[in-house]
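Peer 1: These protein sequences, in sequence, are chains A and B. So for the first sequence, numbering that gives the first Met the number 0 puts the first residue at 0; every next one is plus one. So for the second sequence, numbering that gives the first Met the number 0 puts the first residue at 0; every next one is plus one.
Heads up, a few of these hints could be off.
A few chain B residues that face chain A, going by a derived Cβ cut-off under 7 Å, partial list only [stated by the list, open to error]:
no.: 1; residue: Arg178
no.: 2; residue: Ser184
no.: 3; residue: Tyr189
no.: 4; residue: Ile201
no.: 5; residue: Tyr238
no.: 6; residue: Leu242
no.: 7; residue: Ala243
no.: 8; residue: Ser287
no.: 9; residue: Lys289
no.: 10; residue: Asp294
no.: 11; residue: Arg295
no.: 12; residue: Ala299
no.: 13; residue: Pro304
no.: 14; residue: Pro308
no.: 15; residue: Asp311
To be clear, the hints were calculated from the coordinates, so they are not data collected in a lab. The beta-carbon is built from N, C-alpha and C at its ideal position, and this holds for glycine as well.
There are 2 protein chains.
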Amino acid sequence: MTIEGKSYRTVWFENNTLYLINQPQLPHRFEIVSYTDFREAARAIRDMVVRGAPAIGATGAYAMALAVIRGNDPDEARRIIGEARPTAQDLFYGIDRIYDAVSAGKDPVKEADRVAEEYIAASEKIGEYGADLIKEGMRINTHCNAGWLATVDWGTALAPVYKAARQGKSLFVYADETRPRCQGSRLTAYELAQEKIPHAVIADNAAGFFMARGMIDMVIVGSDRIARNGDIANKIGTYTSALAARANGIPFYVAAPFATMDGNCPGGEDIPIEERSEEEVSHMFGISEKTGEEDRVRIAPVGSPCRNPAFDVTPAELITGIITEKGIFDPAEIGRLIT
Amino acid sequence: MTIEGKSYRTVWFENNTLYLINQPQLPHRFEIVSYTDFREAARAIRDMVVRGAPAIGATGAYAMALAVIRGNDPDEARRIIGEARPTAQDLFYGIDRIYDAVSAGKDPVKEADRVAEEYIAASEKIGEYGADLIKEGMRINTHCNAGWLATVDWGTALAPVYKAARQGKSLFVYADETRPRCQGSRLTAYELAQEKIPHAVIADNAAGFFMARGMIDMVIVGSDRIARNGDIANKIGTYTSALAARANGIPFYVAAPFATMDGNCPGGEDIPIEERSEEEVSHMFGISEKTGEEDRVRIAPVGSPCRNPAFDVTPAELITGIITEKGIFDPAEIGRLIT
Numbered sequence: 000m001t002i003e004g005k006s007y008r009t010v011w012f013e014n015n016t017l018y019l020i021n022q023p024q025l026p027h028r029f030e031i032v033s034y035t036d037f038r039e040a041a042r043a044i045r046d047m048v049v050r051g052a053p054a055i056g057a058t059g060a061y062a063m064a065l066a067v068i069r070g071n072d073p074d075e076a077r078r079i080i081g082e083a084r085p086t087a088q089d090l091f092y093g094i095d096r097i098y099d100a101v102s103a104g105k106d107p108v109k110e111a112d113r114v115a116e117e118y119i120a121a122s123e124k125i126g127e128y129g130a131d132l133i134k135e136g137m138r139i140n141t142h143c144n145a146g147w148l149a150t151v152d153w154g155t156a157l158a159p160v161y162k163a164a165r166q167g168k169s170l171f172v173y174a175d176e177t178r179p180r181c182q183g184s185r186l187t188a189y190e191l192a193q194e195k196i197p198h199a200v201i202a203d204n205a206a207g208f209f210m211a212r213g214m215i216d217m218v219i220v221g222s223d224r225i226a227r228n229g230d231i232a233n234k235i236g237t238y239t240s241a242l243a244a245r246a247n248g249i250p251f252y253v254a255a256p257f258a259t260m261d262g263n264c265p266g267g268e269d270i271p272i273e274e275r276s277e278e279e280v281s282h283m284f285g286i287s288e289k290t291g292e293e294d295r296v297r298i299a300p301v302g303s304p305c306r307n308p309a310f311d312v313t314p315a316e317l318i319t320g321i322i323t324e325k326g327i328f329d330p331a332e333i334g335r336l337i338t
Numbered sequence: 000m001t002i003e004g005k006s007y008r009t010v011w012f013e014n015n016t017l018y019l020i021n022q023p024q025l026p027h028r029f030e031i032v033s034y035t036d037f038r039e040a041a042r043a044i045r046d047m048v049v050r051g052a053p054a055i056g057a058t059g060a061y062a063m064a065l066a067v068i069r070g071n072d073p074d075e076a077r078r079i080i081g082e083a084r085p086t087a088q089d090l091f092y093g094i095d096r097i098y099d100a101v102s103a104g105k106d107p108v109k110e111a112d113r114v115a116e117e118y119i120a121a122s123e124k125i126g127e128y129g130a131d132l133i134k135e136g137m138r139i140n141t142h143c144n145a146g147w148l149a150t151v152d153w154g155t156a157l158a159p160v161y162k163a164a165r166q167g168k169s170l171f172v173y174a175d176e177t178r179p180r181c182q183g184s185r186l187t188a189y190e191l192a193q194e195k196i197p198h199a200v201i202a203d204n205a206a207g208f209f210m211a212r213g214m215i216d217m218v219i220v221g222s223d224r225i226a227r228n229g230d231i232a233n234k235i236g237t238y239t240s241a242l243a244a245r246a247n248g249i250p251f252y253v254a255a256p257f258a259t260m261d262g263n264c265p266g267g268e269d270i271p272i273e274e275r276s277e278e279e280v281s282h283m284f285g286i287s288e289k290t291g292e293e294d295r296v297r298i299a300p301v302g303s304p305c306r307n308p309a310f311d312v313t314p315a316e317l318i319t320g321i322i323t324e325k326g327i328f329d330p331a332e333i334g335r336l337i338t
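Make a model of the complete structure from these sequences and hints.
Peer 2: Here's what the structure looks like:
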């Protein structure tokens with residue numbers, strides 16, 4: 000990815016140090032943060048300094064590598080890093096890749112680099128397969144952020160958009176803002192602006208309206224975990240987006256690498272759903288108009304409780320296809336693919 | 000309605016002056032504003048100092064009354080007030096009630112008071128009919144604010160909740176926050192807290208999740224306009240809420256007085272949909288954590304466009320029933336009822 004003309008990955012490792020783009024600061028400030036302790040890296044995952052299933056997977060791998068090279072107990076590190084976020088399958092995938100490599104006597108950092116490179120290659124292939132679905136002039140709706148910033152590079156849901164744009168296709172993206180944390184308005188809009196792709200941010204509530212008006216041709220979203228039966232977990236609101244797409248005859252695609260598939264998970268009801276802090280709903284953060292500084296504003300009344308499930312499950316029957324690095328599959332095929 | 004132990008209406012008129020509860024200040028500050036000029040009253044409608052179809056209807060009536068008693072041209076006043084918000088049928092209903100009364104030589108203020116009283120009576124009847132649908136222990140989901148603050152008193156969607164609670168039924172309300180202006184987290188949560196009704200604020204994205212988990216028994220929403228074929232316009236996001244209710248076998252009710260029905264509107268596609276400022280999406284207002292003062296924070300990047308349709312259309316086929324002051328009707332009956 001290119002940010003202000005310079006090339007970056009979302010997650011990288013140099014001189015025994017893990018580097019992340021500090022995502023809660025975006026789009027208002029671009030900042031790099033670094034970690035040398037695996038516990039700090041786990042906290043960064045929990046606090047969503049880095050988010051997006053593949054980016055979490057690579058960060059989990061590097062966090063495990065940090066633990067090993069610093070002489071921490073690998074079993075304890077595996078447990079602590081694994082507790083940072085419960086839903087994303089990639090976190091466990093990344094951790095286990097390093098754990099297993101070290102058990103087999105391999106170099107943890109080299110293995111984590113391999114994980115990161117594989118994610119980039121998978122994202123690029125997802126982009127190529129997905130770009131074939133995108134016709135000239137299409138208007139694409141996406142939910143949350145499944146772009147560069149959710150992966151190591153390229154993205155999952157947005158990789159086809161970037162590939163199609165580089166093939167010279169003109170297209171337009173409706174980015175759901177994605178309350179409560181607004182990864183759509185903060186991160187997807189930022190990425191699209193950097194890539195000069197025409198877009199508009201919309202309230203999540205408005206996606207169904209634009210679909211019903213015939214103004215959206217396709218929906219592409221990422222995923223945090225894919226079950227054997229083809230059900231997928233993704234950012235809260237994905238399910239209603241899929242219902243609206245189905246009601247309006249609009250194709251609904253999920254883009255994810257094989258690392259997001261969980262062979263041990265029979266169906267969507269078996270995916271653990273993280274519930275996050277009430278304050279993500281009662282408050283909103285951004286740049287204050289009065290001070291020009293970062294701030295949070297309270298929206299809901301003091302004392303009104305909030306509920307904040309971070310993910311929901313979209314059943315396989317609502318999904319047109321799953322775009323992977325090995326091609327586009329019917330969700331019913333997933334069980335067979337991951338045996 | 001009772002606010003901190005004192006009884007209020009949302010809209011009232013005394014000594015040739017129109018009084019409104021200043022809704023953008025809620026839930027953080029309770030403030031009354033007053034108007035003696037119809038143009039200022041029209042601006043208050045446009046700027047959403049008052050909102051909610053019946054509350055707009057009564058305010059429109061009083062604004063027309065102000066114009067007449069101040070000697071303004073009634074035709075010009077009718078046009079200017081009518082331009083304040085395009086979607087709510089009640090605005091035109093309220094204006095025309097006064098316009099026609101004055102043409103017939105009646106007192107404009109007395110007629111506007113009658114409009115307000117009729118709205119209160121209709122809301123209370125809606126509450127009574129709707130409360131019969133609410134069983135002990137039900138968990139009700141609502142979108143936007145269709146409570147006291149959206150009417151003159153009682154509410155539309157929330158009137159059945161208030162009546163059922165006063166009948167001693169225990170119930171729980173999931174209030175969609177309702178981006179972009181968050182009337183759910185700001186106003187509905189405020190009302191429910193004042194009425195001591197157990198509730199939780201949720202991101203709009205989460206309603207489908209709670210429905211799929213079997214945690215919502217009924218959805219009740221208000222309406223800004225009801226077409227002859229039973230299609231309804233309501234706050235953006237109502238349509239996806241109705242789709243999610245249908246997918247999960249949950250009854251979806253619309254509560255509105257007859258004043259919201261538009262006999263001249265054949266179907267939902269004929270309802271004009273207001274598009275509001277981009278800044279409602281790119282920013283969020285509330286109380287700053289740093290200063291304790293009202294502030295707005297910018298969420299989306301500078302330069303990313305936003306689209307902001309304020310309403311959507313829910314087709315009749317997704318609506319279980321329309322709760323009115325004359326009973327609960329199948330949406331297919333609306334055309335017959337308003338001839």
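Peer 1: Would you pick out the hints that fail for this structure and give their numbers low to high?
Peer 2: Hint check: nothing fails, all pass.
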